[in-house]
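Taken in order, these protein sequences are the chains called A and B. Just so you know, we're using this note's numbering here: the first sequence kicks off at 1271 and counts up by one. Just so you know, we're using this note's numbering here: the second sequence kicks off at 10 and counts up by one.
These aren't lab readings, by the way, just hints derived from the structure by calculation. Every residue, glycine too, gets a C-beta built ideally from N, C-alpha and C. Accuracy of the hints is not assured; some may be wrong.
Short derived list, chain A residues pointing at chain B, Cβ under 10 Å [to be verified]:
#, residue
1, A1307
2, E1367
3, F1375
4, K1376
5, T1379
6, D1381
7, E1412
8, E1417
9, D1425
10, S1427
Calculated cross-link-like contacts (lysine-lysine; reagent style DSSO-like; alpha-carbon spacing at most 27 Å) [to be verified]:
#, chain 1, residue 1, chain 2, residue 2
11, A, K1459, A, K1444
12, A, K1353, B, K11
13, B, K37, A, K1371
14, B, K45, B, K82
15, B, K11, A, K1467
Each chain, written out:
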Amino acid sequence: MIIFLKISSAFASSPPCEEWFSSIKFKKNCNSECLVAPINMSNFLCHNECEELCEQLNNTGAFYLLKKYGITEEEIHFCESNKLACVKAYQQSWEVENICKELFFKSQTNDESDACRHFTWSILLARDHGIDFAEKLLNAHENNPKEPAIERAMDLSNNRLGLIAFQRADKNKKWSNEEIIQLFNSNLKENKFVILKPTKKPKGDSL
Amino acid sequence: MKKIILIISVSALLLGITLYAQPFFGGKTMRQSEVKKKWGSEKLNYEKFKAGSPELRSKMSYSIMIDKSLIGKSIDFIRENLGSPDGYYFMDIYPAYIIQEGTSSKEETWQIVFKLNEKYEVREIIVHKNCCN
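In isolation and in its complexed conformation, chain B is listed as follows (with noise of 0.2 Å):
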């Protein structure tokens, strides 16, 4: 009987922590139409935006976000396709793309982020700011 409530109550309390932390990890994060309107939606090439800047992989960061084949894609397929990530978001196993970089903390730095599932496939993919609050 003691175990089930400890168990209960840590879930609950994982439950809690997670549901009260996902706005607060997840951060300030840009809806499509604003991805569109300020970067455009230029159509997505893998091999441009592997070797691109950040400028280019901003400008095909829309086509991304409503490009519903990506969902669903494996971890591996996204970094063959897309390039090593350079940004980060909450865990190391995210693929983040960095698609506006800051020079100071005055700037502000975007990327474009692909969120897992629990078999490392796409589940979501959001742009969020990296830096600064």
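Next comes chain A alone, as it looks inside the complex (with noise of 0.2 Å):
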């Protein structure tokens, strides 16, 4: 209820900055770029609005109830245009954790599981989204100001590494679960991934 009546007052006439502010195409940081947003003598003043603004924008935002699940404001922004795709996209975050948790029963940070899960989550988002979604996801969903930036760097580097290895598989390859199981083994066993506090190897697999 409390989202429907947020949603609705978004449709609300707006005084002239919000005019303005709904004429701006925004690609990536809201409040960035409503500061170089161009006005003229009618809006000369709404560039000290945009906080307030942005603030607005993210709060009507259908995926503003992800936010306190560590979803960013580059997410948000890019769900708005892919609803379904990113409501399905998170639900195969949650089983990418099922997945690799058959691999190292347990889930950490910063270790092979954590690579696990970032490869395995770009593989999935590529055969069902398109190589193209699937990096701006991942890309958004990486773009946290909190996250260290060589935790970061290891997120992305691994995440690429799943895209890749779908770019270059054949176009027909089904991508069972196991298939990606598999395939990360394979490249875990090369030291291809970027980990860095490496653990144990995975259950049952020698290496």
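Hints in hand, dock the two standalone chains.
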């Protein structure tokens, strides 16, 4: 109900700054792009309202709910134009943890299980939504100012490995969970992943 | 009109999935009283926690859970004072620390998790079963 009311308010008639704001085609960052958007005599003070207007924009999006689950501003912006695909994509991110737990039985950070989750999610996204969508969502997902740069670099690298693996494979490849895990294991054996805190071998497999 | 219907439908779908998925991906957690019973209630010491083993961390977990002053603290504060997270809960950005480490899928692994709000501040602290179902 709260979401419905917030969204409804976005369609109400708006003063000059809100009209000016609604004409801006945002690409990545609302606040910084708003501050440099062209103005004229009728809205020359509107730059002063950018912060408030951007906050309203974020709060009216259907994905604002997910902000507290770690979704970045860039993801919210991207998903507003790809709602259903993003819903499925996040469902797949939960599925990915279960797939990787078959290999590593527990989920940790900056280790092989972390690499597994990023690699696997990249392939599933590319398989079901296309490379372009996958790359944009993955990059938006990693664009979190609170994540340490070195950890972001690891994640981006392992995402890229997944996307490259997808691109190089046969176009008709089905990409079952078993095939993805097999490819992950072979890449792990060849030390292709960036892993900040290496731990143990995958269970039931010799390296 | 069609746009409004689409927005309402997607919002309802998203809300439904979020509510449906909460227990699903949330997994098993432990109440404060159970944490105290299992691992005791040693006072929180940031330096010891940061440098300590899961066993040492587990003893401070109850104290952390009941510490109201941690609610609202930033993720930066948590990382600076408790160290680099080593667990994982749902999202990379949630700090999670292993407090009981199983060595196989037959042994339980537990972690203390700092769930964040949209401003990356602590909104809730839970003890969650990392492995296994």
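Holds or violated: D1381 (chain A) as interface residue toward chain B, Cβ cutoff 10 Å? Status holds, d = 8 Å.
Any CB of chain B closer than 10 Å to the CB of K1376 (chain A)? holds (4 Å)
Quick one, are K11 (chain B) and K1467 (chain A) close enough, alpha carbons at most 27 Å? violated (50 Å)
Against the 27 Å threshold, does the CA-CA distance of K1459 (chain A) and K1444 (chain A) hold or violate the hint? Distance ~23 Å between K1459 (chain A) and K1444 (chain A) Cα, so the pair holds.
For K45 (chain B) and K82 (chain B), compute the direct alpha-carbon distance and say whether it is at most 27 Å. holds (23 Å)
With 10 Å as the cut and Cβ atoms as the points, is A1307 (chain A) at the interface with chain B? At 24 Å from the nearest chain B Cβ, A1307 (chain A) fails the 10 Å test, so the hint is violated.
Would the hint on E1417 (chain A) be counted as holding, given a Cβ-Cβ threshold of 10 Å to chain B? This interface hint holds because 6 Å falls under the 10 Å limit.
Given the hint that K37 (chain B) pairs with K1371 (chain A), test it: the Cα-Cα distance must not exceed 27 Å. holds (15 Å)
Status of the hint placing S1427 (chain A) at chain B (closest C-beta pair under 10 Å): Violated - the Cβ of S1427 (chain A) stays beyond 10 Å from chain B, reaching only about 14 Å at its closest.
With a cut-off of 10 Å, does the beta carbon of E1367 (chain A) approach a beta carbon of chain B closely enough for the hint to hold? holds (8 Å)
Taking the least C-beta to C-beta distance, is D1425 (chain A) closer than 10 Å to chain B? Where the cut-off is 10 Å and the nearest Cβ of chain B is about 7 Å from D1425 (chain A), the hint holds.
Is the shortest C-beta separation between F1375 (chain A) and chain B less than 10 Å? holds (4 Å)
Going through the hint list in order, the structure does not satisfy hints 1, 10 and 15.
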